[in-house]
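Let chain H serve as the given structure and place chain R on it in line with the hints.
Each protein sequence line maps, in turn, to chains H and R. Start counting the first sequence at 1; every next residue gets the next number (the working numbering). Start counting the second sequence at 1001; every next residue gets the next number (the working numbering).
Take these hints with a grain of salt, some might be off.
[Said to hold, decoys possible] Label pairs and their calculated CB-CB ranges:
| no. | chain 1 | residue 1 | chain 2 | residue 2 | range |
| --- | --- | --- | --- | --- | --- |
| 1 | H | 32 | R | 1071 | 46 to 52 Å |
| 2 | R | 1001 | H | 79 | 46 to 52 Å |
| 3 | R | 1244 | H | 57 | 47 to 53 Å |
| 4 | R | 1017 | H | 34 | 51 to 57 Å |
| 5 | R | 1236 | H | 22 | 38 to 44 Å |
Rather than coming from a laboratory, the hints here were simulated on the basis of the structure. Positions of the beta carbon are idealized from the N, C-alpha and C atoms, including for glycine.
So you can see what is in the structure, the chains are spelled out below.
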Amino acid sequence: MEIKVLGMGCASCNKLAESVKQAVKELGIDTEVKKIEDVAEIMRYGIMKTPALVVNGKVKAFGNLLSVAEVKAILQSDQ
Amino acid sequence: MFVWAQRLADWLVYRVFGLAAGTHLAGALNFLIFDGIKIFLLLAVIVYAITFIRGFFPPEKTREILARNKGRTLIGHILAALLGIVTPFCSCSAVPLFIGFVEAGVPLGVTFSYLVAAPMVNEVALGLLYAMFGLRIALIYVLSGETIAVLSGLIIGRLGLERYVEEYVFKIKMGQAETDVRQPTMMDRLRDAWLYTCDLIKRIWPYVLIGIGIGGFMHGWVPANALARYAGKGNPFAVFIAVAVGVPLYSNAAGILPLIGELTRAGVAMGTSLAFMMAVTALSVPEMILLRRVLKPRLLAIFVGIVSAGIVFTGYLFNALL
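Just chain H, with the same shape it has in the complex (with noise of 0.2 Å):
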């Protein structure tokens, strides 16, 4: 499973960044965490609103925070 948050640095991408470290942590998913920051790559995800969350290359949501809760769901059902 692979798994990015991508984001420039602000706040709200920090703070979604933790909450997946934790949905990560609390589901026991052996996998790690990337934070991507490069323009460039973030824009090929084809969206305008950072944070991001994307599993698997794929984008799962975006532009809002997600609880701890609502990230581990998103996690389950990928796997």
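Structure of chain R alone, referenced to chain H:
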């Protein structure tokens, strides 16, 4: 609307804490409680309403609307300035947004009208201004912000500054969004707005409290019109100084508004206070740092310069009109 809050504050300060009316401490504390309640309530309601409305205007939609109108210059600018108000604008979104617009063929000037309008006509500030100062001031705020946005966009467009955009921006191919994200339902929207509002307030309440605290101090210790001599209508440099001080500072709109009320009570001319507020909220160092990733220094400087000049002009205009 908030008479009950005033009564609560009075009761707490004069009955429960037993402070004597007319003392500095009583005045400050009374203001703190009353304004605190008022501001946080207003904030919650306004942010919620705005976030909900904004949900209907995602950046992708804005991009589409602006790209469709790329041939019509004036309309494009006006649309960009209007959409800048309603679309969500986290400062880190500024860059993907900018690139997205450029990539869709939206003219640089139009993109700038958007970039100026978004932070300049801050909806939270608008809501708070309306609640605290009435419709007239709120309308002036919107109109001046929009005018500055349209004009600065037009000027930048005319100056042909495309070469001061970082080259890679024009080479980026925006991917096709391969999303699994389904269309939000009404329940989603209502709930997202609530989550966002709670999170925002959790993040900014210290700053709001500081703003109210300073306001409280001024309310209790600074007599009315004390600053009139320095920053009242008489001082021709007041607006310049206010903007020069305000630009490097950044505060959330909610943090600065309580201060604006107190500044005007202390005798600062309304135009000067408004200019100060706009300077503080419209430009922020984090946003500048992020924009530097897509704008070369010269263009960034022009952007800051035009917005600042617009704010200064507006300050003088209001002092003359009000």
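**Message:** Between the beta carbons of residue 1236 of chain R and residue 22 of chain H, is the distance compatible with 38 to 44 Å?
**Reply:** 56 Å, violated
**Message:** If I claimed the Cβ atoms of residue 32 of chain H and residue 1071 of chain R lie 46 to 52 Å apart, would that claim hold in this structure?
**Reply:** Holds: the Cβ-Cβ distance is about 47 Å, inside 46 to 52 Å.
**Message:** Please check whether residue 1001 of chain R and residue 79 of chain H have a Cβ separation lying inside 46 to 52 Å.
**Reply:** 51 Å, holds
**Request:** May I ask you to test the hint 51 to 57 Å on the CB atoms belonging to residue 1017 of chain R and residue 34 of chain H?
**Result:** 53 Å, holds
**Request:** Starting from the hint 47 to 53 Å, judge whether the C-beta atoms of residue 1244 of chain R and residue 57 of chain H obey it.
**Result:** Since the Cβ atoms of residue 1244 of chain R and residue 57 of chain H sit about 48 Å apart, the hinted range of 47 to 53 Å holds.
The structure is inconsistent with hint 5 alone, although it conforms to all the rest.
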